[in-house]
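Enquirer: As a plain string of letters, each chain reads:
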Amino acid sequence: MSRRPMPARRFASSPTTALAAALVLSLTATACSGASGSSGKAASTPRSGGHLRFAMAADPGCVDPHQATTTDALYGARAFVDSLTDQNPTTGQIVPWIARSWQVSSDATQFTFSLRTDATFADGTPVDAKAVKANLDAVAALGAKSMLGAGYLQGYRSTEVVDRYTAKVTFKGPNEQFLQATSTATLGLLAPASLKLPADKRCTAKLIGSGPFTLDGYTPTTSVELTRRKGYTWGSPLWKHSGAAYLDKLNLRVVPEAGVRSGSLNSGQVDAIAGVAPQDQETLTGQGLSVLDRPNPGVPVALSVNTARPLTKDPAVRHALQTAVDRDEVVQTVLSPSYLPATSALSSSTGAYADNSALLAHDPGRTRKTLDAAGWVPGPDGIRVKNGKKLNLKVILGANFGPNQTVLELIQQQLRKTGIGLTLTLLSLPDYQQARGAGDYDLAWGNGTRNDPDILRTAFSGKLLNLGRIDDPRLERSLDAQAAEIDPEKRAALVATAQRRVLEQGYQIPVFEMASVYGIGEKVHGLTLDSTSYPQFHDAWLS
Amino acid sequence: MTTYVVRRLAQAVFVLWAAYTLSFGVLYLLPGDPVTVMAAGGGDSTSVTPEQLASLRTRYGLDRPVAEQYATRLGHALHGDFGTSVHTGEPVGRMIADAAPATLELTAATLALALPLGAGVALAGTYTRRRWAAQLLLSLPSAGVAAPTFWTGLVLIQLFSFRWGLFPAFGDGSAASLLLPAVTLALPAAALIAQVFAKSLRTALAEPYIGTAVAKGASRFRVHFSHAARNAALAPLTVVGVLVGHVLAGSVVVETVFSRNGIGRLTATAVSAQDIPVVQGLVVAGACAFVLANLAVDLLHPVLDPRLTATGPTAVAT
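Chains as they are written, first to last, in our numbering: chain A, 1 to 543; chain B, 1 to 318.
Keep in mind the hints are simulated off the structure, nothing from the lab.
One or more of the hints may lead you astray.
Across the chosen pairs, the derived CB separations fall in these ranges [unchecked claim]:
1. B:Pro50 to A:Asn387: 35 to 43 Å
2. A:Ser357 to B:Arg94: 51 to 59 Å
3. B:Leu22 to A:Thr425: 51 to 59 Å
4. B:Cys288 to A:Gln332: 32 to 40 Å
5. A:Gly155 to B:Ala175: 50 to 58 Å
6. B:Pro50 to A:Lys369: 36 to 44 Å
Okay, the calculated bits of chain A under chain B, using three or more residues with CB under 8 Å as the criterion [what the hints assert, rightly or not]:
7. 147-158
8. 245-258
Using N, Cα and C, we set each Cβ at its ideal position, and we do this for glycine too.
Put together the whole structure using the sequences plus the hints.
Expert: If you want it as structure tokens, here you go:
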């Protein structure tokens, strides 16, 4: 199993973005000011009807929730499939949805779901144990074609149809993270009729789900169209209203340019937009539009350390880095208020997050002391030297990810003050992947999104892909233990130990929490974000 | 004439093959492969084993030796089968067929705007006797050629869509949504036409037959617009072939800025996903369009200028 560390990918990613933003700032400064308050404030009672136009940044490429990997693909998928469970975005707790209840064996290898009996797919077939089995078997059969599902179903053995509405899922080894995985759209339920299509055809097919919306169609590079499902009564208990969705129709449009997205929102050509670039955020709020944001759960945007390299092998260097980065300055000068400084190895919106801000406080004095004690002395150019080796670290980062480069240039300046040199190497995405695999770097810039603490195991376990080349039996013990612990409190304690260990050992230098930022027009009300920061359209309505 | 057409067709086939082979080479040389990009793009929290990735590569034939991949793909391509998209699983032919009409529409609208505009500027700039007006008109093309397409597009969108609300900011299939992108592409295209046409007009106006026409009492207007313009029209016609290529290339930017479906968007998406079958299909389709446009122009030449059939057409280089 491997972790796919991602250079912060929810940033707008087009080279023309900056210019577009500059134009928006200069040209619309005089237009359309003083609009009334933000969405939801003036809202009275929800009303049914209307057609919500939502602009997203990239072409989904594939609408099949099982195969979809990008954020943009999952917006649509999330609206037309239901999941076995849902996850409370505030507490991280897993709650019933299609499954009324479940039991997990004490070794976290068997999960028995008892399903509600009233749910149907849009083609009228029941959402029963057979359908659950068909779905899980289908995702397992996709292998790496389901980039996300392959990880969720690691060690999948089988699903047994115990009775019409009871399904038992068995794994080869402990797999506690599977419970949270059942709440994702990736393991969402498609009608058996849709699963009969060959995998390649499912990407652009009119797939049938049991969700609050039905998929009318996906036009590649253009849009995803959805219509309200009539008679829908099996929504998640976390949603504000039961029954059918308010919106008649949902139109998810691809608008690649960040500046065009915000301009379209501002001029009322769309009702809501995804992927608001940090530099556009102030303009939008200044124009009376509201911003809906949430930190992405998972691993914050961080410098992941390659512990096998000559310089970063030295724990003193890793400790020094941890206190040399001024996270508050990064967020305040380069990003927007939607982004939070990192305070742990997990971001604060993740279940089982434990606050470790004390370990991450900016303390250049301590960095200097640590490096002095380890024999790193300032060289003629200010960069520290030890045994003739310069403390110059190679950072790799993915190309074209919004403010990434600016953030790293700031960190470069911060580290330089304590005598640590950084060399930034900007790479294309495949290049970045290859460099990580080959280990040709000291620090890698990236993050990971998932609302289950098991993402720490994916990232730091020596038994998985282990891009950090970490060999730490103590960390390994807590990571293994949490994967097999079914008691949430005990699991959280194990995860807390792991978070602390990762930071104390400096395997990861977290910097800020990636955020999903949406711009919302005045007419839109009731739109909320789910536990993985995707919009939940069931409660949304238009005034 | 027949040998000429045969020779041109042989050249066209060579160009297509070269484009196909070159694009295959370039895509192959890029780091990673479609599977790497899928793994990277999928991102965040995936944990796929290297073995699973390897089986995916086998599925797409990406584990075969490069020569074999090339030969297989070329063989299929010769039978008109460009395979299916690695990303969406759709047949490449259908994806291109779905995207083509929008881009053809854009190309047609662009040329319809660019030809009269370019010709008009060149004619007016060479006709006027006011020096400042001539200078202004004849310096417009250089500015038009220099302005980056995406900048023009964004300025037009800001003014005409966001500020004045006259046109939609993105493609919705309506004629109104076609205008801004067409204008964006037409400006540099018109500039190119104006540059070439103005130059050939000046050359034509210096020819001895102009003096003859004037001596015979033809009006200045008639000499300019009838005698000189007709003879000078050959040069901009040659450029039209090149313009089709420009518009196709420009559609990558314009279709992105204006969120339009089309060949340009398909290209941008396919390239960033390293979706080799789609990119290969697009390269061949693009080369076809370019070759056909130039072939049409070449074949029109001898019709317009009988001298060319006598000596064999040498005026056109594509």
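Enquirer: Evaluate each hint against the coordinates.
Expert: Hint check results:
no., hint, in the structure
1, B:Pro50 to A:Asn387: 35 to 43 Å, "36 Å, holds"
2, A:Ser357 to B:Arg94: 51 to 59 Å, "54 Å, holds"
3, B:Leu22 to A:Thr425: 51 to 59 Å, "28 Å, violated"
4, B:Cys288 to A:Gln332: 32 to 40 Å, "54 Å, violated"
5, A:Gly155 to B:Ala175: 50 to 58 Å, "57 Å, holds"
6, B:Pro50 to A:Lys369: 36 to 44 Å, "42 Å, holds"
7, 147-158, "holds (count 5)"
8, 245-258, "holds (count 5)"
Checked against the numbered hints above, the structure breaks hints 3, 4 and satisfies the rest.
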